[in-house]
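If you're matching them up, the sequences are chains A and B in order.
The first sequence begins at 1 in our numbering and counts up by one.
The second sequence begins at 1 in our numbering and counts up by one.
Mixed in with the good hints, there may be bad ones.
Heads up, the list lumps identical chains together, so a pair's fine if it works in one copy or across two of them.
Quick list of in silico lysine to aspartate or glutamate cross-link-like pairs, DMTMM-like style, CA-CA up to 20 angstroms [to be verified]: (1) LYS174 / ASP288; (2) LYS28 / GLU239; (3) LYS269 / ASP288; (4) LYS261 / GLU276; (5) LYS28 / GLU169; (6) LYS278 / GLU289; (7) LYS28 / GLU276; (8) LYS269 / GLU239.
It should be emphasised that the hints constitute simulated quantities derived from the structure, not laboratory data.
Protein chains: 2
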Amino acid sequence: MKMNSTIKVGILGFGGLGQAAARILNPKQEMTWVATADLKGYAYCETGLDPDQAIAAYYDQGSIGYCDPYGALSNNSIQDLLETKAVDGYFLALPNLPNTFMADVAKQFIGSGWRGVLVDALKRTSAVEQLLQIKDELAQAGITYLTGCGATPGLLTAAATIAAQSYAEIHSVKITFGVGIANWEAYRATIREDIAHLPGFDVETARGMSDAEVEAFLDKTNGILTLENMEHADDIMLELAGICDRDRVTVGGVVDTRNPKKPLSTNVKVTGRTFEGKISTHTFTLGDETSMAANVCGPAFGYLKAGMALHRRGIYGLFTAADMMPKFVK
Amino acid sequence: MKMNSTIKVGILGFGGLGQAAARILNPKQEMTWVATADLKGYAYCETGLDPDQAIAAYYDQGSIGYCDPYGALSNNSIQDLLETKAVDGYFLALPNLPNTFMADVAKQFIGSGWRGVLVDALKRTSAVEQLLQIKDELAQAGITYLTGCGATPGLLTAAATIAAQSYAEIHSVKITFGVGIANWEAYRATIREDIAHLPGFDVETARGMSDAEVEAFLDKTNGILTLENMEHADDIMLELAGICDRDRVTVGGVVDTRNPKKPLSTNVKVTGRTFEGKISTHTFTLGDETSMAANVCGPAFGYLKAGMALHRRGIYGLFTAADMMPKFVK
């Protein structure tokens, strides 16, 4: 059992990302995983849930609500959880689709009267735009909401913000990611989100695909998804942080759905002009052995901890992964 | 002339770094360089000083105090400046030697009743330790002091803090820098600081070297300084930020005092263990075309801007470049 002074963390969503988040929290001294909700239920234990038991309940019986004795089945699992249980901050490990989903969940938090820190790892620019529309409501509700705090956007956006400091003007921010996963079915929602970026697909068509249809599609591409000029919120986050216009930010990558080895090293390249007129490029490259889960959940909890410090000081509202950095001076 | 809403910035010290800082500020819309002090005088102009004119006065007559009509000669230039002139924040582009110098200057600020933001780009662990001793006084005085906000510590420490997010445990942070400068005499203080890190030298002996002695020493090394296991404040900053114990942080590099081309690409490597037990390394590499001045002053002003936001919210005290980041969760 952890000390009472730890941050009580909830995880909303219990797919691949939510489960990895639970495992990451398990050994932490400063945070305790106390709550999770999925579509059919929720579980809560003030002194900490057990990842093995919770994951077993989810796979064996279809919901974390079956996790004895801490689970409860509910058709309003998020609502029930946040109205009755003490949680300091939530990691929203929810599907990004539909695009309005994260903002709709945020509205549920606002409506419930809950106060605390929310962190998401969303990807789409348009999803951040949905959140921007409710930023005043978040501030008034006493919620400190940190958006885009996964790997990209998140870790790489933060690195780009740091890198930008050397330059008087930023010419381009180029993010290229490689993801390798052994089995796409562990990341059903994420893979559909990736497919939605491909020519001929959109968010709705990708979301509507059955598992068999996804499988058939991946057979045709040999399990590889090559993504270019993706709609990725790194662009709006860097624009909001004053680094550069969003059209100077590009995101692309290669996802191998049949091999845990990354097809290329994930990196961000920040090119700019120094005050002396030199053009140069800083590069931040992730180690190939780090998984998507490590690169998403680690930053998410880092931001959650930083968000707790803001919340304690009465600083509420909407912030991005890039806002929490030294500022770019124009 | 810039708008009155810009941040009024002072630069203390007008050697190579202070002069570069003035040039970097000149095109900025959000900041105005209004004040500088050197050993013999100071200059102040509320609507902005002219870098060309100030640098000419410094070189032609030996002090910025000769910069007509804004200059004044003084044996207490810092004191006179900060007691009489309106400045929102200062970049302390002062020599790091002696080690107590930055803390002594901070005490002058505290004693004067001035309130605002201070940013330094100091290098030594022991210099940060001096500042830690007066952190309560800084907070009580209404000063937001950001230390270690140059290139290393600073830019690279911040990148290491970001990189650490992917890992459950950090095994090592290894900073390796390359610096190339055409002419060591433009960075007299910095080069003496570097020499002080070499075997057989210390802070006092290096500081006591005449220009001719430095010149003679550099002749023996063909202008190259190779530095290993340097006492660098990245270690204490990463320890204070909870990333890892200071003995896991190493800093070294190569300085070529006779060639503006960098002898190697400056980089930081962060090695750790992920929650799945994988060992991996993230790498952040600076573009070779970026100068030391760009990599020091850019971050310093980025932190100064961030510090202004803290100060406006009433957040005072001592912070490091690593504190301003998403937090590492233990």
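Each hint tested on the structure:
no., hint, in the structure
1, LYS174 / ASP288, "both (18 angstroms within a copy, 18 angstroms between copies)"
2, LYS28 / GLU239, "between (34 angstroms within a copy, 17 angstroms between copies)"
3, LYS269 / ASP288, "both (17 angstroms within a copy, 13 angstroms between copies)"
4, LYS261 / GLU276, "between (41 angstroms within a copy, 14 angstroms between copies)"
5, LYS28 / GLU169, "between (40 angstroms within a copy, 11 angstroms between copies)"
6, LYS278 / GLU289, "between (34 angstroms within a copy, 6 angstroms between copies)"
7, LYS28 / GLU276, "between (46 angstroms within a copy, 14 angstroms between copies)"
8, LYS269 / GLU239, "within (16 angstroms within a copy, 28 angstroms between copies)"
In summary, the structure agrees with every hint in the numbered list given earlier.
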